[in-house]
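**Q** Heads up: the protein sequence lines correspond to chains A and B, in order.
Quick note, in our numbering, the first sequence goes up one by one and the last residue is 205.
Quick note, in our numbering, the second sequence goes up one by one and the last residue is 205.
Where hints are given, some of them may not hold.
Any copy will do: because identical chains look the same in the list, a pair fits if it lies in one copy or spans two.
Said to hold, decoys possible - With a cut-off of at most 25 angstroms between alpha-carbon atoms, the simulated PhoX-like pairs for lysine-lysine come out as follows: (1) LYS201 - LYS101; (2) LYS187 - LYS61; (3) LYS201 - LYS51; (4) LYS202 - LYS155; (5) LYS51 - LYS101; (6) LYS51 - LYS161; (7) LYS51 - LYS187; (8) LYS161 - LYS202; (9) LYS196 - LYS161; (10) LYS51 - LYS202; (11) LYS201 - LYS161; (12) LYS155 - LYS201; (13) LYS51 - LYS155; (14) LYS77 - LYS196; (15) LYS155 - LYS187; (16) LYS101 - LYS77; (17) LYS187 - LYS101.
No lab work stands behind these hints: they were computed from the structure.
2 protein chains.
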Amino acid sequence: MTSHPPIRRGPKPNPNLRSELVQMGLRVMHSGGYTATGVQSLVEGVGIPKGTFYRHFPSKEAFAGEVLNAYFERNKAALQALIDNAEIAPLTRLEMFFDKLIDAFRSIGFARGCLLGNFTAETADHSESIREHLSEQFNAWSAFFDRCILEAQKQGYISKQYSSSLLGRFLLNSWEGALLRMRVEKTDAAIIEFKEIIFKKLLL
Amino acid sequence: MTSHPPIRRGPKPNPNLRSELVQMGLRVMHSGGYTATGVQSLVEGVGIPKGTFYRHFPSKEAFAGEVLNAYFERNKAALQALIDNAEIAPLTRLEMFFDKLIDAFRSIGFARGCLLGNFTAETADHSESIREHLSEQFNAWSAFFDRCILEAQKQGYISKQYSSSLLGRFLLNSWEGALLRMRVEKTDAAIIEFKEIIFKKLLL
Numbered sequence: 002m003t004s005h006p007p008i009r010r011g012p013k014p015n016p017n018l019r020s021e022l023v024q025m026g027l028r029v030m031h032s033g034g035y036t037a038t039g040v041q042s043l044v045e046g047v048g049i050p051k052g053t054f055y056r057h058f059p060s061k062e063a064f065a066g067e068v069l070n071a072y073f074e075r076n077k078a079a080l081q082a083l084i085d086n087a088e089i090a091p092l093t094r095l096e097m098f099f100d101k102l103i104d105a106f107r108s109i110g111f112a113r114g115c116l117l118g119n120f121t122a123e124t125a126d127h128s129e130s131i132r133e134h135l136s137e138q139f140n141a142w143s144a145f146f147d148r149c150i151l152e153a154q155k156q157g158y159i160s161k162q163y164s165s166s167l168l169g170r171f172l173l174n175s176w177e178g179a180l181l182r183m184r185v186e187k188t189d190a191a192i193i194e195f196k197e198i199i200f201k202k203l204l205l
Numbered sequence: 002m003t004s005h006p007p008i009r010r011g012p013k014p015n016p017n018l019r020s021e022l023v024q025m026g027l028r029v030m031h032s033g034g035y036t037a038t039g040v041q042s043l044v045e046g047v048g049i050p051k052g053t054f055y056r057h058f059p060s061k062e063a064f065a066g067e068v069l070n071a072y073f074e075r076n077k078a079a080l081q082a083l084i085d086n087a088e089i090a091p092l093t094r095l096e097m098f099f100d101k102l103i104d105a106f107r108s109i110g111f112a113r114g115c116l117l118g119n120f121t122a123e124t125a126d127h128s129e130s131i132r133e134h135l136s137e138q139f140n141a142w143s144a145f146f147d148r149c150i151l152e153a154q155k156q157g158y159i160s161k162q163y164s165s166s167l168l169g170r171f172l173l174n175s176w177e178g179a180l181l182r183m184r185v186e187k188t189d190a191a192i193i194e195f196k197e198i199i200f201k202k203l204l205l
């Protein structure tokens, strides 16, 4: 018997396919929503059969979990670098973080908002697996804020009346609500007001 | 010629059909979302052909506008009575309003959240008519809060550092965000924290 390489049928497998699907899902689901995004439209966008999608992801819900991970990963490094920057006063770091986001929303016409909030509105009552995933991610984001606030408390910039953890949660939740109002009004009023109240009235 | 009443074909028209459709849409869209609710499932639920739906509502978007009106109307009378009750101190009225909502969310397992927030997440970037409708409704809700806060300011309970209108907007927006976190966590933590921060730290 002579040995031959196995005969391949069809196009060469794409080693980046999984990541391409997730990045595409992130784009499409962030702008169009979870329910409105069909697996069919995703596989057509990448040019693969539906079966290939399901070889990578057992379900649309599981895929949504990967999309949420990618969303967090995309933002984490920059956020971490900013939050860790001990050369800047802790509350200034937080303000800079929101200023960057406000600029980003201005540049995209106050659309999309936060993927976590959007997925929550659509799926939290219907998918236990996405809900748990969202809960972890909300906690991870809050923890960034918590950390800056704790530093600010230790350095005496803010009162210790409330725990940094509670304030960090409140900050994120209020931001999520401000983003909804922003999307409805298509102006920066709600996110500017958020910053004003949080940094000039709450975090004292 | 003898006069005969015109011959009717098909079932007797239902004078409440329009309102029944809207009430059903409110239930179904509040629990399942805007995108996930098809006109087909609504007409099947009421037992009418699709054409009849479109004789009442030119589009699903126009229908969503009526659903938002019905949501506001359902809550308005009780809210107005509470907000107008001059026998109770203005901030206490506001607290009572949120306490009632918190109880209501406890009784339904922290599901659904606010229809305005949900519709915003799903439609604000995609339907100009729903977006405008939402913007008006957000303003109408904020105005209730604004009014209590203005009274509290006039009576010297809270500082006038920020306008009652800005505070009323911030209150509603923060509440919307707290509801998202509540739906993700399926506990009352976020809405209790909201009340704590708003009434013990912000509205002073």
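**Q** From the Cα coordinates, with 25 angstroms as the cut-off, is the pair LYS201 and LYS161 best called within, between, both, or neither?
**A** both (16 angstroms within a copy, 14 angstroms between copies)
**Q** Since the copies are identical, ignore which copy is meant and state whether LYS51 and LYS202 lie within 25 angstroms (CA to CA) inside a copy, between copies, both or neither.
**A** Neither way: LYS51 and LYS202 sit 52 angstroms apart in one copy and 53 angstroms across, limit 25 angstroms.
**Q** Since the copies are identical, ignore which copy is meant and state whether LYS155 and LYS187 lie within 25 angstroms (CA to CA) inside a copy, between copies, both or neither.
**A** neither (38 angstroms within a copy, 32 angstroms between copies)
**Q** Please sort LYS161 with LYS202 into within, between, both or neither, judging by C-alpha distance up to 25 angstroms.
**A** Answer is both; intra-copy 15 angstroms and inter-copy 12 angstroms each pass.
**Q** How would you label the pair LYS51, LYS155 (within, between, both, or neither) given a Cα cut-off of 25 angstroms?
**A** Answer is neither; intra-copy 54 angstroms and inter-copy 63 angstroms both fail.
**Q** How would you label the pair LYS51, LYS161 (within, between, both, or neither) given a Cα cut-off of 25 angstroms?
**A** Classified as neither; 54 angstroms inside a copy, 60 angstroms across copies.
**Q** State whether the alpha carbon distance between LYS202 and LYS155 is at most 25 angstroms within one copy, between copies, both, or neither.
**A** both (19 angstroms within a copy, 20 angstroms between copies)
**Q** At most 25 angstroms between C-alpha atoms: does LYS201 with LYS101 qualify within a copy, between copies, both, or neither?
**A** within (18 angstroms within a copy, 30 angstroms between copies)
**Q** State whether the alpha carbon distance between LYS101 and LYS77 is at most 25 angstroms within one copy, between copies, both, or neither.
**A** within (14 angstroms within a copy, 38 angstroms between copies)
**Q** Within a copy, between copies, both or neither: which one fits LYS77 and LYS196 at a CA-CA cutoff of 25 angstroms?
**A** within (21 angstroms within a copy, 30 angstroms between copies)
**Q** Please sort LYS201 with LYS51 into within, between, both or neither, judging by C-alpha distance up to 25 angstroms.
**A** neither (52 angstroms within a copy, 54 angstroms between copies)
**Q** Pop the pair LYS187 and LYS101 into one bin, within, between, both or neither, using alpha-carbon distances up to 25 angstroms.
**A** So LYS187 and LYS101 pass the 25 angstroms test inside one copy only (17 angstroms; across, 31 angstroms).
In terms of the numbered hints stated before, the structure departs from hints 3, 5, 6, 7, 10, 13, 15, listed from lowest to highest.
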